[in-house]
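Chemist: Chains as they are written, first to last, in the UniProt record's numbering: chain Z, 1 to 202; chain R, 1 to 202.
Just so you know, these hints were derived from the structure itself, not from any lab.
The reader is advised that the hints may include incorrect statements.
Any copy, or any two copies together, can satisfy a pair, since identical chains are not distinguished.
Stated by the list, open to error - Cut-off 27 Å, straight-line C-alpha distance, at most; resulting in silico cross-link-like pairs (BS3-like, lysine-lysine): (1) Lys140 with Lys67; (2) Lys150 with Lys140; (3) Lys57 with Lys150; (4) Lys157 with Lys67; (5) Lys57 with Lys67; (6) Lys57 with Lys157; (7) Lys157 with Lys64.
There are 2 protein chains.
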Amino acid sequence: MSYLGVGVSPGTVPVYHSTNLKALDRRVRIVELVLRCVILGLGLLAAVLVATDTQVKEIFSIQKKAKFTDMEALVFLVIANALVAGYSSIQALRCVLSMVRGSVLFSKPLAWVIFSGDQVMAYMTVAAVAAAAQSAAIAKLGQPELQWIKICNIYGKFCNQVGEGIASALVVSISMVVLSCISAFSLFRLYGGTNKTKSAGW
Amino acid sequence: MSYLGVGVSPGTVPVYHSTNLKALDRRVRIVELVLRCVILGLGLLAAVLVATDTQVKEIFSIQKKAKFTDMEALVFLVIANALVAGYSSIQALRCVLSMVRGSVLFSKPLAWVIFSGDQVMAYMTVAAVAAAAQSAAIAKLGQPELQWIKICNIYGKFCNQVGEGIASALVVSISMVVLSCISAFSLFRLYGGTNKTKSAGW
Numbered sequence: 001m002s003y004l005g006v007g008v009s010p011g012t013v014p015v016y017h018s019t020n021l022k023a024l025d026r027r028v029r030i031v032e033l034v035l036r037c038v039i040l041g042l043g044l045l046a047a048v049l050v051a052t053d054t055q056v057k058e059i060f061s062i063q064k065k066a067k068f069t070d071m072e073a074l075v076f077l078v079i080a081n082a083l084v085a086g087y088s089s090i091q092a093l094r095c096v097l098s099m100v101r102g103s104v105l106f107s108k109p110l111a112w113v114i115f116s117g118d119q120v121m122a123y124m125t126v127a128a129v130a131a132a133a134q135s136a137a138i139a140k141l142g143q144p145e146l147q148w149i150k151i152c153n154i155y156g157k158f159c160n161q162v163g164e165g166i167a168s169a170l171v172v173s174i175s176m177v178v179l180s181c182i183s184a185f186s187l188f189r190l191y192g193g194t195n196k197t198k199s200a201g202w
Numbered sequence: 001m002s003y004l005g006v007g008v009s010p011g012t013v014p015v016y017h018s019t020n021l022k023a024l025d026r027r028v029r030i031v032e033l034v035l036r037c038v039i040l041g042l043g044l045l046a047a048v049l050v051a052t053d054t055q056v057k058e059i060f061s062i063q064k065k066a067k068f069t070d071m072e073a074l075v076f077l078v079i080a081n082a083l084v085a086g087y088s089s090i091q092a093l094r095c096v097l098s099m100v101r102g103s104v105l106f107s108k109p110l111a112w113v114i115f116s117g118d119q120v121m122a123y124m125t126v127a128a129v130a131a132a133a134q135s136a137a138i139a140k141l142g143q144p145e146l147q148w149i150k151i152c153n154i155y156g157k158f159c160n161q162v163g164e165g166i167a168s169a170l171v172v173s174i175s176m177v178v179l180s181c182i183s184a185f186s187l188f189r190l191y192g193g194t195n196k197t198k199s200a201g202w
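With the rest of the complex left out, here is chain Z:
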């Protein structure tokens, strides 16, 4: 029985002998790989869409240029999505390697690293989308009580492209949330003790 590592060294892991269990493990790995590839692709797309977005308008014969650095929330969105894309490329490579090896063994230290990384990335991407969505809402609708004007009336094309970037980043953050649940499962099942079982109610 291993519970909180009591009596078991940190590198000690369970071995599953049943073919059914191996097949289930393989299915979990495939879902993980697909999600990591989705995050890699859409994270890059979100970062590029927002970072390359500019629009020039002439207002009272003065040229004004809208760019993503005008809003801190968009800078945060670009950095967060570039980071999560880079992180996912490394994790996807690890997934492929472990699938090629066909191994269902899992070490606790590696499981902790993946769990921690996924947690940080999940909360970071959710925070980035929330902050960017809030800025986008002000840009689209304005905040009349505070004299914050709608800028999407002026920079329509700029706002649309930012909207596409935020939509892409939203899919990235949802995928990261699902992945963080998968990595929590992969880690904490290593701490289970099931030699004896007993039925219990709620």
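Given the structure of chain Z, go ahead and fit chain R onto it with the hints provided.
Modeler: Chain R in isolation, oriented as in the chain Z frame:
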């Protein structure tokens, strides 16, 4: 061995006989109870601080009143913190009951309910803090490129109280993140199979 519930009914759970393991379980429960009480108290404080915050200023002989409903992000913050405080009061009660009973038994359906609830609350509170912090940053620093003025120069007392509310909500969201890890541990250890162990590298 139980992995993804194979061969074990959903209500079947492990029993830990060792006194050491029971003591560890008790310690985890105490941390959980403390965190749920912190969230209950600070979640209520954040909601009350922001929801009761108003300031009236006379600008060019016109009376202007700042209130939290002027910013959607603050409305979201109040709702999210009120919800998480209510949720935590129920969960704290459950913690106390299970500690009084002294039971370390845990059912899978209940573990899934707690895990799902904690995940939703953790991501919701993080998103609420991120959106409110973004609005507060614009209010404090302005966004000159977009002609969004600093309103904290006008409504200083209002901004300070909102700041205290956001700080309180930040502690709530960090506590919820830690709690969501604890409930993930409580759930997924039930899926562990540790009859045979073997050392593995990274």
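Chemist: Is it within a copy, between copies, both, or neither that the alpha carbon of Lys157 lies no farther than 27 Å from that of Lys67?
Modeler: The answer is within: 11 Å in one copy meets 27 Å, while 33 Å across copies does not.
Chemist: Could you figure out if Lys57 and Lys157 sit no more than 27 Å apart (CA to CA) within one copy, between two copies, both or neither?
Modeler: Only inside one copy: Lys57 and Lys157 sit 11 Å apart there, 38 Å across copies, limit 27 Å.
Chemist: Given identical chains, is Lys150 near Lys140, meaning Cα to Cα at most 27 Å, within a copy, between copies, both, or neither?
Modeler: For Lys150 and Lys140, both the intra-copy (5 Å) and inter-copy (19 Å) Cα distances are at most 27 Å.
Chemist: Go through the copies and call it for Lys140 and Lys67: within, between, both or neither, with a Cα cutoff of 27 Å.
Modeler: both (15 Å within a copy, 21 Å between copies)
Chemist: Evaluate Lys157 and Lys64 at a C-alpha cut-off of 27 Å and name the case that applies: within, between, both or neither.
Modeler: within (14 Å within a copy, 34 Å between copies)
Chemist: Given a CA cutoff of 27 Å, do Lys57 and Lys67 count as a within-copy pair, a between-copy pair, both, or neither?
Modeler: within (12 Å within a copy, 34 Å between copies)
Chemist: At most 27 Å between C-alpha atoms: does Lys57 with Lys150 qualify within a copy, between copies, both, or neither?
Modeler: both (15 Å within a copy, 24 Å between copies)
When the structure is compared with the earlier hints, no violation turns up for any of them.
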